[in-house]
Structure formats: structure tokens, C-alpha cells
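Q: Order-wise, the sequence lines are chains A and B.
Read left to right, the first sequence gives residues -19 to 312 (the numbering used here).
Read left to right, the second sequence gives residues 87 to 392 (the numbering used here).
It should be emphasised that the hints constitute simulated quantities derived from the structure, not laboratory data.
On a predicted model such as this, the values are computed, not experimentally measured, just so you know.
Treat the hints with care, as some may be off.
Listed below are the simulated BS3-like cross-link pairs for lysine-lysine, each with C-alpha atoms no more than 27 Å apart in a straight line [claimed, not checked]:
(1) A:Lys64 with B:Lys288
(2) B:Lys216 with B:Lys157
(3) B:Lys216 with B:Lys307
(4) A:Lys64 with A:Lys(-7)
(5) A:Lys45 with A:Lys(-10)
(6) A:Lys45 with B:Lys288
(7) A:Lys110 with A:Lys(-10)
(8) A:Lys45 with A:Lys64
(9) B:Lys307 with B:Lys288
(10) B:Lys307 with A:Lys110
(11) A:Lys45 with A:Lys110
(12) B:Lys216 with A:Lys45
(13) A:Lys(-7) with B:Lys307
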Amino acid sequence: MSVDPLIEVKDLKVHFHTEDGVARAVDGVGFSIAPERTLGVVGESGCGKSVTARAVMGLIEAPGKIEQGEILLRHNGRTVDIAKLDPRGAEIRGIRGTEIAMIFQEPMTSLNPVFRIGDQIVEAILLHEKIGRAAARERAVELLAAVGIPLPRQRFEQFPHQLSGGMRQRAMIAMAMSCNPKLLIADEPTTALDVTIQAQVMDLMNALRRDFNTAIMFITHDLGVIAGMADDVVVMYLGRIVESGPVREIFRNPKHPYTQGLMGSIPSLADWGVRRLTAIDGVVPSPFAVPQGCGFAPRCPHAMEICRTRSPDLAEVAPGHAAACFLNQVPT
Amino acid sequence: MTRLIIGRLLFMVPAALGIITFLFALFHLIPGDPAIMLAGDNAPRSVVDAIREAYGFDQPLHVQYGRYMAKVLQGDLGISNYSRDPVVNSVIPRIINTAQLAFLSMLFAMIVSLVLGCVSAMYWNRPLDKVVTVVALLGICTPVFVSGLLAIYFFSIYLGWLPISGMSSWRHFILPVITLGAFQAAVLTRMVRSCMVDALGKDYIVTARAKGAPEFLVVFKHALRNALLPIVTLFGLGLGHTLGGSVVTETIFNWPGLGRLMVNSILTRDLPITQGAIFFFAMIFILVNMIVDLVYAWVDPRIRYD
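If we strip away everything but chain B, and leave its shape as in the complex, we get (with noise of 0.2 Å):
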């Protein structure tokens, strides 16, 4: 197990570079020259000249990789172009709220998809199971942007319930925890049924039904044990999408999050934030598949003793 641990975290070094890389690399590759982008269209030459060689755009490729890569190892992933920040300043707060919201969601997703899936299942092709997957048909259909905005008309305006946007109170959570988490129940859940009825017609749940085990420890025990390999994997995609920012529920409750400051640095070409901010995502995502590895280990036997 130990084995596998580092393994896994001697795999993130590579990968990070990866990703360096990548960024490095995307930044010379949109078109245009980055000193006339910082500099604006209109700028004369030699404002252009002078912010090309401050930066080092004017030294070969290779010199400006090692630079970058220097610079990103020791944690500086440059200055807004606008606020002038350091981008590390403007994205942690931002990652720190968005990964409030993603954890709030997936754990109610979580446990929504898990009682629902397994009743489903338990109720397999009865009337209960029937009503359960159209709920999560229907939610799946569902885009967040209409079932936030309708969650908003009728808790908060309607019935005047919950605020309608920000994150000042415990209150501000409920309806984007809600909105966000309900699509990934709904995706979850039908992979939770679907696994538990598997699981529920192999050979093992009569051999523990034989011993007198009673229903729920069939059903919790030895049935959901071996249906989890599937779930982690897609529940560790959910949790690193939402982690990555929820562009959609972020927008539409206001929330100041990751998501957001990624399409606002895209669309006002602040190429520095933009960087950082995939940067933070792609870590996270490394970060969370290591986790659902090691959580099949757990899980699984035959993946830990292999």
C-alpha cells in the first residue's frame, strides 16, 4: 500500500511538468506577439520593445522555458496583466471557494445517489424503481442553468426563503450545493443502481444470504463493497469537475469561484490568470485521480495485491 502511495505521487512530478510545459507552450502558441498584447494594440514601439525585454520575450524559446519553469517550481506564476496581482494571490481564494462548493456538493450527492441507487436496486423493475429512474433521467436532462434559475425563483423569490446569491452565510451555500450536487446525484445514481444490481445477482450475495446474513448486511456490505469500483471512478470525475469550477452555477448564484475567473481572465485576455488557473485545475484533477486510485486499492483486493 505504502508502495503504491508513493508510486502515485512520484507519477504527480511528471505530470506537473507536463502541464508547465503546456502552459508555456500555449502561451507562444495563440497568435500575436505577447509584448503587443500586454502593451495594447496602439502602443507605441518603443513601450512594446521596453516590455518585451523586460519579460525576456526577446530571449530564445529555450532560455524563456528554463525561466518560466524556474519561476514556476518556486510558486510564481506571473501578474495579472490587469491587476497587476500576483496571479497566485487572485486564484487561491478563488480555489478555496469553489472547493467549498464542490465538496458540499458531491457529498450530497453522494448520499442522495446512494440511497437512491441502492433502494433502486433492492426494488429492481418494481414501481419504486421505476419512479427513482425517472427522477434521475429527468435530472440528468435537466441543464443547472434552468434548474438554478428556477430553484432561485422559487426559494428565494418565491417563497423568499434562501438568499439569492453570494456566500456570506451558511444560507448561501444551500441552493448552488443543491443545483450543482442534484445533476451529479442524478448521474450518479443511475450508475449506483446499475452497479448494485449487478452486484446484487453475482454468486456471493447467495453465499451470504445462505449464511443468514440479513438483507441490509447483503445489500450494504457485500453487495455496495463490490459495486464502489465504478462509483469512485465516476465520482472522482464529478469531484473533479466541480472542483475545476462550475462555470454555469458559479455564474448564475453569483459565486465567486475558479470557473468564473477562468472565462473572465479568457475573455479579458489575461493570458497570466488564465495559466494559473488551468494550472490549479490540472493539479486538482491529478490530485483527485490519485485519491480514487487509492481508493480502488482500498476497496479492492485485487488491485492492491497485484
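Chain A on its own, in the form it takes in the complex (with noise of 0.2 Å):
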């Protein structure tokens, strides 16, 4: 990959600063996501991939705060420090819903009930360009019909009660691209929906990045969906990185424990009365309490007793594919 990334994210660490003590949420994350690609979010809930790809729309709101770490973005020919930016001032307002859109986990909830459907894209936007609002709505209406909802006029003046699930995700995702962002972090979209409208969706979303040119930052904790939609991959556990690198290398050679374990638990059709799905041990442990050395380590059917007093780093395991697992590493 030579192309310059659209966005780097470097070291980031939220936290959450609550009366039960502090919650490290996002500790020391780094990834990067060229133009075009998909990135693949994968992680348990809890790990800390939704705070992550908040903190990247700088939607990281107190309690919780970014400790340290950069959120480089190229905007307007020079690069921006999200992680610097006032989350309510006007400079990081210009680039959610341009550079950077977002679609949510529940669509019966992340649209606004008392407002009907195209008027709340016509208002993503009116936000950012300077357009009539009869030409915002004609496009509004058009956005509605790329994303494949029948009768797009109709649909324009309906309330979301009025819409099911799977059209409600889609005008979510007709809001999300109306001003042509660069990224779009989708949030496990696809979560609520039925398997069906799962794939319609999944569809949906890689048909607009090769329209619109978009990135994709996209968060699951079903592997069957990153399998389908993702170029690269990154595994979290407990608000780190444990595993990262190209989508083939990543399923075809899970280098950590935890990637490993996750890979055991998918059902094959391969393997069907042949191998027994194997869970992980254990619980995720809370933010609130991360065990010394490696996270995973309570868990982990391989750990070692360096395991338990010192956190490993990410280190290349082959070609663009990085572990942080001492398994794979020359303890130093």
C-alpha cells in the first residue's frame, strides 16, 4: 500500500472517567485506512471499537475523554489532528458529514422519530452545502432511490415509524452518503437486521463504495460479515489491537489466540459433524479492571508466564500482518 492514508490513527487512548474509577476504553490503538478500502473492525462487545470509531468523528463526549494519541485526517489539502479538534466547535462540524459520515447499529432509533425521512437528509444537506432547498430535496429523493427504496417520493415524506428496519438502515446510509464523504464508519449496521436484509445491506454499502469512491471503517463482531465486505482487518480485545493485516491472511493464518478462538467459534459447512465449535473461556474482563500483562492472557489456552506481567506489542508476523502475542514473538 503506497497510496497516502485517508486516515491514521495513531497510540489513541480514551478513557472514561466515571465515579467507579476510570474505564480504559481505547488504549493504545493505531490503524490506518487508504482511499477506497474497507477496514474491518472486529471485536467483542465492550472491546472498544465503537468508542474508537467515535472518537475518529470526534463524538467522544465527558465522561469520556481522548488521553493521547493522534486522529491524522487529510482535509482540505493539509492534515487535522481530530483528536486536537473541540468536539462542538466548528472546525470538526465541517468535516462530520463531508469527510467522515457515520451509520448506527439501530435503525429504529438513530433517525429521529418527529421528523419525516427526507427532510432530516435534506438536512445533513443544507449543513454543508450551500444549495436551495428544493435542490437539496431532489436530492434527497435521489439519494433515497440509490440506496433502493421503492417510491422514493413517498418514501421522502414518511415519518421512520412508517419505514421497516432494513429501509430504515438504508435511509440512514442515503443520509450518511449525501455529501459524498470520504469515510464511512459503519457501526455494526447490519446487527439488527435480519439475515436477509443483512446481505441486501452489505450489498448496498459495497455497490456505493465503487460509486462514491468511499473508504469504509466497518465495525462488527460477525466475522461472516467482515469476511465479506472487509480488504484489511483489525481484531480488539479489551480496547487494544491484538491482530491486524489483509483479510485472506488474517482468516486463512489467525496468528493470535484470540483471532484464533473467534475463528473456532464459526459454524462451517466444510466441517459439518466433523469438528465441534470451540468457545473461548471465560468473560472479557471490565474496562475497569484490565489485568496486568497481556489482556487476554485469563483466557488464553496458550499463556506463558511472561504473559501475565508484561503486555506484548503489535510485531510483524508476516507481510502487512502483525500479532500481539508473545507466541509469535522472541521475548526480549
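Two independent chains are provided; combine them into the complex using the hints.
A: If you want it as C-alpha cells, here you go:
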């Protein structure tokens, strides 16, 4: 990948300062996304993937705080560090929607129930572009058609509760795409949908990526979705990246025991009746009480003495493929 | 929407008939012979009988009920036992006086509570929010007769800025409106705050911010519109109560309103006036509730389209 990355996250730490203590939701995460590529971010609930996405949007609000790190975005010919921008300031608002847009897990609740679908899209357009309301309306109708909503003019006038879940997610995508963002962050956009609708939404996103030349950061806990969508993958556990690399490499040759555990828990038709599904023992530790050493050590079948005292860094195991595990490294 | 309005208006008919029936029953449920009550305890038998006949109290109950219903439906609520004026003539001017006080107070309460409640929610759990919460709590805990008397003492007697009582100029409105409005504002502020905190935590707020919407649009368009539903309910109740006559405020500021009229009529056993006042109070309450229902439908499309 010789292309300059569209966005580069370096050593990002986001902590939540609550009455119960400090939750290290994101604890030193780094990755980059090149233009028109899709990065899949995988991990269990609470591993920090959504918080990472919100940090990239500049949407971290109290009690959360970006403690450290950079989120570098090329914007208007220069590089901006989103981590340093005021989350309510004008500069980040100019980036949201135009450079980076976001869709969410729950299409049922992420559209405002009291405004018409079309007006919500028109609002997104008018916030960033100096065009008339009539032109914005036309554009919104075109967008609704582009995301595969039948009878877009009628749907424009309807309220969210009059649309099905899949339709609402399509409307959310239309809204996100309204100002041609360079990066679309999709935070578990298919999790709340039926399987057939999931496939449709994924096809739609792949098509839009081609048509709009948009890069996608696709967050999910579903490895099947990653296999169908992503070019590159990062696997997150307890606020850190434990493995990253091209999607084929990760699926064929997972190096981190956590990734191996995730792969082992996917049912496969080829292994039908031959192999039992494996589960990862234990539960994810609370982000308030991160264990010393490697965060995965308490659940890891291969944990060694060193794993309980020191935390491994990401190290390259093959070209473009890195894992944070002492099994692949010579301890120094 | 039109169907909704017509439906609500039609609902007023049985409600009004119910109220009239209740008022008729009230007249016959309270102990004592109505004819003796009108004539006085020591009146001679012949006078009592004459009154009984004149008022139709000697007729069977269903005949009296029919007559009463017919009269009310023609706008005749009877005659005051004391002034001998038609009830309508005494009640209507009082309603207008009370309505002025009520609408101005609620307008004041609405503005204050929306501003304070929204600010409080935006600065949730920070010092500003805590100050607003404590002030609102104080406002709720302070009875109107305390705040009203303190206001009179400070602004009218000590500073001499505002008149003590009556309603002959706009300056007379200030103290009663603020006294009555402040209490309602305190109640509403807490409601606005909690509804706004709730709304600001919703997913669609993140969506709005992710679009790049500035914070005032996020708060006053996306969150407020969603928070309005319970606020409108409470506002309607408050308006209904203040319109029904705020007896204490009206008494303190010597305000010739419906509340005082109702209390005086009860003390003097002027039953037709009591009935008339209750009738109008109830009708106002129904009307306000109807308006609240319509506002609901305007605020929330899920209600409009069901």
C-alpha cells in the first residue's frame, strides 16, 4: 500500500472517568485506512470498537476523554488532528458529514422519530452545502432511490416509524452518503437486521463504495460480515488491537490465540459433523480492572509466565500482518 | 388531523352532558331542602312552599333534570341567590380576569422553564445544573402564599415599585403573574430538565451530531421536539389549574377571578354560582386537554398517523 492513508490513527487512548473509576475503553490503538479501502474492525462487545469509531468522528463527550494519540485526517489539502479538535467546534462539524459520515447499529432509534425521513436527509445536505431547499430535496430523493428505496418521493414524506428496519438503515445510509464523504464509518450496521436484509445492506454498501469511491470502516462482531466486506481487518480485545492484516491472511493464518478462538467459534459447512465448535473460556474482563500483562492471558489456552507480567506489542508476523502475542515473538 | 380534531370536539359533548348531570346531582345530594335553603331557616312555611313551587322543586326528579338540562343547554345557569343576577353574568367577567392571569403566568413559566431546563440538561451534572435544580426545588417547596407575601413586602412596600393589589393597570399584573408563574416554572423546569437529559442521551442525537449539526440545532430542534410530549402534558395540567382559579394567588393580590368567586359562593351557600363556576372550570379543563391532545399530534407523528 503505497497510497497515502486517508486517515491515520496513532496510539489512541480514550478513557472514561466515572465514579466507579477509570475505564480504559481504548488503550493504545493505531491503524490507517487508505482511500476506497474497507477496514473491518472485529471484537466482542465492550472491546472499544465503537468508542474508537466515535473518537474518529470527534464524538467523545464527557465523561469520556481522548487521553493520548493522534487521529490524522487529510482535509482541504492539509492534515488535521481530530483528537485535538473541540468536539463541539466549527472545524470538526465541517468534517462530520462531508469527510467522515457514520451509520449506526440501531436503525430503529438512530433516526429522529419526529421528523420526516426526507427532511432529515435535506438537513444533512443543507448543513454543508450552499444550495436551495428545492435542490436539496431533489438530491435527497435521488439518494433514497440510489440506496434502493422504492417510491422515494413517497418515502421522503414518511416518518421513521412508517418504514421497516431495513428501509430505515437504507435511509440512514442515504443520509450518510448525502455529502459524498471520503470515509463512511459503519458501526454494526447489520447487527439489528434480519439475515436476508443484512446481505442486502452489505451489497448496497459495497456498491456505494464503488460508486462514491468511499473508504469504509466497518465495525462488527460478525466475522462472516467481515469476510464479505473488508479488505483489511483489525481484531480488537479490551481496548487494544491484538491482530491486524489483510482479510485473507487473517482468515487463513490467524496468529493471535484470540483471533484463532474467534475463528474456531464460526460454524462451517465443510466441517459439518467433523469438528465441534470451540468456545473461548471465561469472560471479557471489566475495562475498569484490566489485568496486568496481556489482557487476553486469563482466557488464553497458551498463556505463558511472561503474558501475565508484560503486555506484548503488535509485531509483524508476515508482510502487512501483525499480531500482539509473545507466541510469535522472541521475548527480549 | 381533521378527523382527530372532529373526534376530540365530539368527545366534548358527552363530557359536557356528564358535567351538567353531576351539577344537577350535586344540587340534590347536599343535605337540606333546597327551598328552605333559599328561603332561609326561619322563613314561614307558606314562603317555603311558594319557592318550592316557583323553582319546580315539587316536580319529580326526572322532570327537574330535564328542565335543568334544557336550561343549561340554552346558556341559562340560573340566578344568583344573593345578587339575583344571572349566573353567567357574574361568572364570565371572572373567567376573563382569571384567564389573563393564567395565560400570562403560564407564558412566563413556559419561557423560564424551557430556558432553565434546557440549559440545565446541556450542563447536566455540572455546577450550573445543580444551581438550577436547587432553585427549582426551592420554587416547588415555597407555597404561593409565602412567595406572594414576600414579593408584596419587597417590591410593593419596601421598594415601592409595584402596586399591592387590584388589576387596573399592566403594573398590577407583574406580581401576581410572577408569583403564580414562578411556582409553575419550578415544576416545569424539573420536567423539562429530566426530559431533555433523556432525549439528549438518545441515538438520534448522536446521528444529528454526526451530520455536523451545530449544538443549538441538536438541543433545540432534535432533542427538544422529542422531549416536548411529557412537557406539554404537564403544561396543559398547569394551565388547567391556573385557569380554574388560583384561589390563594387571587386572594393575596385581591384579584377578582374565578377562584375567589367559587370560594365565596361556597362560603355564602350561593349554590347556582358554585354550579356555574364548576361548569365553566370543567369546560375549560376539557378544552385545555383537547388542545393538549392536538399539540401531541403535532409534536409526535406516531400519534398523528395511528
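Q: Hints first: check each against the structure and report whether it holds.
A: A quick look at each hint next to the structure:
Simply put, Lys64 of chain A and Lys288 of chain B have alpha-carbon atoms about 25 Å apart, close enough for the 27 Å limit, and the pair holds. Of the pairs offered as hints, the one joining Lys216 of chain B and Lys157 of chain B is violated, with about 56 Å between alpha carbons and a cut-off of 27 Å exceeded. Annotation: proposed proximity of Lys216 of chain B to Lys307 of chain B holds, straight-line Cα distance about 24 Å (limit 27 Å). Using a Cα cut-off of 27 Å, the hinted pair Lys64 of chain A and Lys(-7) of chain A holds, with the two alpha carbons roughly 13 Å apart.
For a cut-off of 27 Å, the pair hint linking Lys45 of chain A to Lys(-10) of chain A stands: about 16 Å separates their Cα positions. For the given pair, Lys45 of chain A sits about 20 Å from Lys288 of chain B by alpha-carbon distance, which is consistent with the 27 Å threshold. A hinted pair counts as satisfied when its Cα atoms are at most 27 Å apart, and Lys110 of chain A with Lys(-10) of chain A does not qualify at roughly 34 Å. At roughly 11 Å between alpha-carbon atoms, Lys45 of chain A and Lys64 of chain A fall within 27 Å of each other, so this suggested pair holds.
Restraint check: the Cα-Cα separation between Lys307 of chain B and Lys288 of chain B comes to about 14 Å, which is no more than 27 Å; the hinted pair holds. This hinted pair checks out: Lys307 of chain B and Lys110 of chain A have alpha carbons roughly 21 Å apart, not beyond 27 Å. Between Lys45 of chain A and Lys110 of chain A the alpha-carbon distance is near 34 Å, which puts this suggested pair outside the 27 Å criterion. Annotation: proposed proximity of Lys216 of chain B to Lys45 of chain A holds, straight-line Cα distance about 23 Å (limit 27 Å).
Distance restraint check for Lys(-7) of chain A and Lys307 of chain B: the Cα-Cα separation of roughly 33 Å exceeds the 27 Å cut-off, and the hinted pair is therefore not satisfied.
Checked against the numbered hints above, the structure breaks hints 2, 7, 11 and 13 and satisfies the rest.
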